[in-house]
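Trainee: In case you want the letters, here they are:
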Amino acid sequence: MPKPKVAMYWLAGCGGCEESILDLGVDLLALTDRADIVFWPIAMDAKYRELDPLPDNSIDVVLINGAVRDEAQERMARLLRRKSKTVIAHGICAQAGGVPGLAGFHGRDKILQRAYQEVPSLESGGLPQAETQTDHARLRLPSLRESLVPLDRVIAVDYYLPGCPPPPELVKEALFNALDGELPERGSVLAESVALCRTCPRLASKPDTIHLKRFHRLYEVRWDPDRCFLEQGLICLGPATRGGCGAQCLKANMPCRGCFGPLDNVSDMGARVVAMLATLLDETDPEKLENIAAGVPDPAGLFYRYTLAASIIKRR
Amino acid sequence: MGKIISIDPITRLEGHGSLRLVYDDEGRFQDVYLQAPDFKGFEKFCEGRAVEELPALTQKICGVCPTAHHIAGVKALDDLFGVAVPPAARAIRELMHNAFIFEDHLLHFFYLGGADLFLGPDEPMMDRNVFGVIKKLGTDAGARIIDIRKQVRQLHATISGSALYPVCGLPGGVSKAISPEEKAQFQVITQKALAFAEWAVGLFHDRVLEGRHYGSLLARPYMKSDTYYMGLVDADGNVSFYDGTLRIIDPKGDVYASFEAADYLSHLAERVVPYSYMKQLYLKQVGWKGLVDGPGSGIYRVGPLARLNVSSGFDTPLAQTEYERMGAALGGWPVHSTFAYHWARLVEILYAAENMVRLSSLEQLTDSAVRNLPEGMGSSGVGVCEAPRGTLFHHYDADRKGLARGVNLLVATQNNAAGIQLSLSEAARAILAHQTEIDDTSLNVLEMVFRAYDPCMACATH
Amino acid sequence: MTGTEFEPKIVGFFCQWCADAAADAAGRARIALPPNLRVVRIMCSGRVAPEFILQAFAAGADGVLVAGCLDGNCHYKNGNVTALKRMAVLKTVLTPLGIDSERVRRVGIGADDAKGLARVVSDLVETVRRLGPQPRSE
Ligand code: SF4
Ligand code: SF4
Ligand code: SF4
Ligand code: FES
Numbered sequence: 001m002p003k004p005k006v007a008m009y010w011l012a013g014c015g016g017c018e019e020s021i022l023d024l025g026v027d028l029l030a031l032t033d034r035a036d037i038v039f040w041p042i043a044m045d046a047k048y049r050e051l052d053p054l055p056d057n058s059i060d061v062v063l064i065n066g067a068v069r070d071e072a073q074e075r076m077a078r079l080l081r082r083k084s085k086t087v088i089a090h091g092i093c094a095q096a097g098g099v100p101g102l103a104g105f106h107g108r109d110k111i112l113q114r115a116y117q118e119v120p121s122l123e124s125g126g127l128p129q130a131e132t133q134t135d136h137a138r139l140r141l142p143s144l145r146e147s148l149v150p151l152d153r154v155i156a157v158d159y160y161l162p163g164c165p166p167p168p169e170l171v172k173e174a175l176f177n178a179l180d181g182e183l184p185e186r187g188s189v190l191a192e193s194v195a196l197c198r199t200c201p202r203l204a205s206k207p208d209t210i211h212l213k214r215f216h217r218l219y220e221v222r223w224d225p226d227r228c229f230l231e232q233g234l235i236c237l238g239p240a241t242r243g244g245c246g247a248q249c250l251k252a253n254m255p256c257r258g259c260f261g262p263l264d265n266v267s268d269m270g271a272r273v274v275a276m277l278a279t280l281l282d283e284t285d286p287e288k289l290e291n292i293a294a295g296v297p298d299p300a301g302l303f304y305r306y307t308l309a310a311s312i313i314k315r316r
Numbered sequence: 001m002g003k004i005i006s007i008d009p010i011t012r013l014e015g016h017g018s019l020r021l022v023y024d025d026e027g028r029f030q031d032v033y034l035q036a037p038d039f040k041g042f043e044k045f046c047e048g049r050a051v052e053e054l055p056a057l058t059q060k061i062c063g064v065c066p067t068a069h070h071i072a073g074v075k076a077l078d079d080l081f082g083v084a085v086p087p088a089a090r091a092i093r094e095l096m097h098n099a100f101i102f103e104d105h106l107l108h109f110f111y112l113g114g115a116d117l118f119l120g121p122d123e124p125m126m127d128r129n130v131f132g133v134i135k136k137l138g139t140d141a142g143a144r145i146i147d148i149r150k151q152v153r154q155l156h157a158t159i160s161g162s163a164l165y166p167v168c169g170l171p172g173g174v175s176k177a178i179s180p181e182e183k184a185q186f187q188v189i190t191q192k193a194l195a196f197a198e199w200a201v202g203l204f205h206d207r208v209l210e211g212r213h214y215g216s217l218l219a220r221p222y223m224k225s226d227t228y229y230m231g232l233v234d235a236d237g238n239v240s241f242y243d244g245t246l247r248i249i250d251p252k253g254d255v256y257a258s259f260e261a262a263d264y265l266s267h268l269a270e271r272v273v274p275y276s277y278m279k280q281l282y283l284k285q286v287g288w289k290g291l292v293d294g295p296g297s298g299i300y301r302v303g304p305l306a307r308l309n310v311s312s313g314f315d316t317p318l319a320q321t322e323y324e325r326m327g328a329a330l331g332g333w334p335v336h337s338t339f340a341y342h343w344a345r346l347v348e349i350l351y352a353a354e355n356m357v358r359l360s361s362l363e364q365l366t367d368s369a370v371r372n373l374p375e376g377m378g379s380s381g382v383g384v385c386e387a388p389r390g391t392l393f394h395h396y397d398a399d400r401k402g403l404a405r406g407v408n409l410l411v412a413t414q415n416n417a418a419g420i421q422l423s424l425s426e427a428a429r430a431i432l433a434h435q436t437e438i439d440d441t442s443l444n445v446l447e448m449v450f451r452a453y454d455p456c457m458a459c460a461t462h
Numbered sequence: 001m002t003g004t005e006f007e008p009k010i011v012g013f014f015c016q017w018c019a020d021a022a023a024d025a026a027g028r029a030r031i032a033l034p035p036n037l038r039v040v041r042i043m044c045s046g047r048v049a050p051e052f053i054l055q056a057f058a059a060g061a062d063g064v065l066v067a068g069c070l071d072g073n074c075h076y077k078n079g080n081v082t083a084l085k086r087m088a089v090l091k092t093v094l095t096p097l098g099i100d101s102e103r104v105r106r107v108g109i110g111a112d113d114a115k116g117l118a119r120v121v122s123d124l125v126e127t128v129r130r131l132g133p134q135p136r137s138e
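Protein chains in written order, with the numbering used here: chain D, 1 to 316; chain L, 1 to 462; chain Y, 1 to 138.
None of these hints come from the bench; they were simulated from the model.
We put the beta carbon where it would ideally sit given N, CA and C, even for glycine.
Just to be clear, a hint being listed does not mean it is correct.
What the hints assert, rightly or not - Each pair of labels, with its calculated beta carbon distance range:
hint	chain 1	residue 1	chain 2	residue 2	range
1	Y	16	D	71	46 to 56 angstroms
2	D	203	Y	16	32 to 42 angstroms
3	D	199	L	187	22 to 32 angstroms
4	D	285	Y	47	16 to 26 angstroms
5	D	184	L	140	30 to 40 angstroms
6	L	140	D	133	49 to 59 angstroms
Make the full structure from the sequences, and use the hints.
Mentor: Next comes the structure, spelled out in structure tokens:
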């Protein structure tokens, strides 16, 4: 029986998900005993043209990280879908757009304009061209899509690995379960669906109801490293975020920013954070409520930090 | 119309890229173009964000060097808020930064560039990877490499919350103090890291320098580009990763300019390249004169070789010895061969390890005072540090409500964009000009040229 | 229809105890509510999750009204206070999402205040008419 085939690829990713594969360490060597890695550009020299002759569905499992930002990434996503039995959206970018999804607040033309025509270090602006004519050839460059979208807006995704990046243990479990054919039903997120608070070392200090007259910004105040952030008036997205990261940021004495994405069947993480924070406001007068809410700097940027591209408004 | 032969994608680096080899109608080689195909727009979508979130936001530019972005970003906040950092926080940040550079350089030496050094350029494509390297070096070496990476990344996680994405940076310090138990643990890990660094340098000498192809490739004329160089140096002119003064030397090695990070705009400028999303930086006052080297051209280079070229060496014994050994072997400083980046990277692995040992035994490392609260907030802040792949600038402008109004990022590999394109054009002309038949080895040597820079395309395009 | 004037589509989340009761009262008193309104009856205004409001806009609404009971009258004690708090926080994210916060309103209505309800709805219709259709992202 030939070894199963595995591939790893990155669309509008950052390399962090690749690092979480490299962090498998000895398990990565164990993986290469069990399977052939046929395509993994950060670590191996195989070229795109090696993928074309592969029969459809001949790759057993492919980990695709990064959202879809441009046309070349879209083509690669479709190609890998065709070549693979199981596609795992690896990391929150592939699952819900990730931080690059924040471009959705500005749109394609504005992000290009800033970088290529406005930044102060430019002496003369310009724009990358879809086609550039040199004396002997025409060089093509992929154009950006109008908006960045999560992977499942371009291809059918079988499983999701949350996190930024997903911890190596989750990646290992997903890969080896896939090779053993022991994955849950298609479409599921390969992590528990319990709020981060449940595994947070500060949970004991989190009262059932929190009453706040105002929010603080991290640079303004000191805080108790053992007590719940929300209870101290510092926004932590833990209650609206899926657990599974080991409360990493909390252990560094910083609040959660929601990189593990929403719990199961939550259609809009930002809206979930809105509802969560609303329960903390200790006022009933509309104007006073508005003042407390106005104390949150850039709420949309914080509540939708990793999931704007998958929000109700943006995914239409 | 001529013909294009592509190396697509280029591999064993961070990020997407392609090489286009252009031939005329008679099949004569004309030139090579490095294309960076993707772009995310961080400089725009960071506008409107709360400034204190930027060090954790901008680091999502690159998962291979996030700590560098976190450090440059939090230093930009220190500047914006006009707040000093207590000794413990400075030590913690530097220890984290050196640990990160140590294991990120190792990532290149073994995982990304390793096949170029330990295996020959004519090695079959399927073996040119970390698995091939481990097969060549043996499973004990493989286990040792995997173990030290894990331990040093664990040290990084203990300080910052994550093995790769630190979140501990705050204007005026860091969020978490180091306990005596953690400090003791760090001292064990950093000693192991130093022993590993010495072993790795020995490996480089025995298996690479003495090997049959590294020396000859390093000496090839097409590997040499007489460019300017830039890097951070401390008060004594030694290499500095975390902070210092920017120093630029001309191709002969004389100091051309010294400036503080805040003045970066009067020295550095960038230009848009139509066929790629990666802009090219050049020295503003020399000006862009095209893909040529020499004192008349504004092309400059950054990163390991540049840091060794601009500095008078290292303030740690083992790194200084290796620096002197390298200088002697390569005819003195500045060294212009692109393949010398690999050796410089090894010298820096030693330096990072020695720094980790020094920093993890500092008295103040376990002080509880790890943050000064800022009193006010200005309207602009610039932070700089040396990322493994080169100098990194974060420039934040903020409004009175503490929301980012303008973000400008000059990111490591972007400083080398013109240098890499120049190296590729020279190498391709030399290798392919009189070849009718293009073989895999020649194409691989071309990739080995840009891999020496350890380029990070996600960073360069952000 | 007077020419091609823009007719805003308004979605009204009406709590059954007060707002919807007021709407029935309007029907009985032949006070016409603007035709732009499409009512979604809910148990209590505290049950309107922020997602519902965003989904209404995604589905084509140009304006959304959340109408519950007056202070102290909520059948479920403080459902209307929950709605008030949620609206205060939701309004801070609407503009960046491309929705003018003037398009969304929360009110408390007396169960028999047909006129008051009619006035609130037509007031929102006029405000949204002035703002024009809710822009759709491409
Ligand atoms: S999920 Fe995080 S680590 Fe993975 S590609 Fe996206 S930003 Fe990088
Ligand atoms: S809100 Fe944050 S700090 Fe509080 S228990 Fe939940 S995750 Fe922990
Ligand atoms: S604490 Fe929150 S932001 Fe931090 S790693 Fe965990 S899920 Fe992600
Ligand atoms: S029943 Fe009307 S608001 Fe609760």
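Trainee: Look at each hint and say if it fits the structure.
Mentor: So, going through the hints one by one against the coordinates:
no.	hint	verdict
1	16/Y <-> 71/D: 46 to 56 angstroms	holds (50 angstroms)
2	203/D <-> 16/Y: 32 to 42 angstroms	holds (37 angstroms)
3	199/D <-> 187/L: 22 to 32 angstroms	holds (30 angstroms)
4	285/D <-> 47/Y: 16 to 26 angstroms	holds (22 angstroms)
5	184/D <-> 140/L: 30 to 40 angstroms	holds (39 angstroms)
6	140/L <-> 133/D: 49 to 59 angstroms	holds (54 angstroms)
Of the numbered hints stated above, none is contradicted by the structure.
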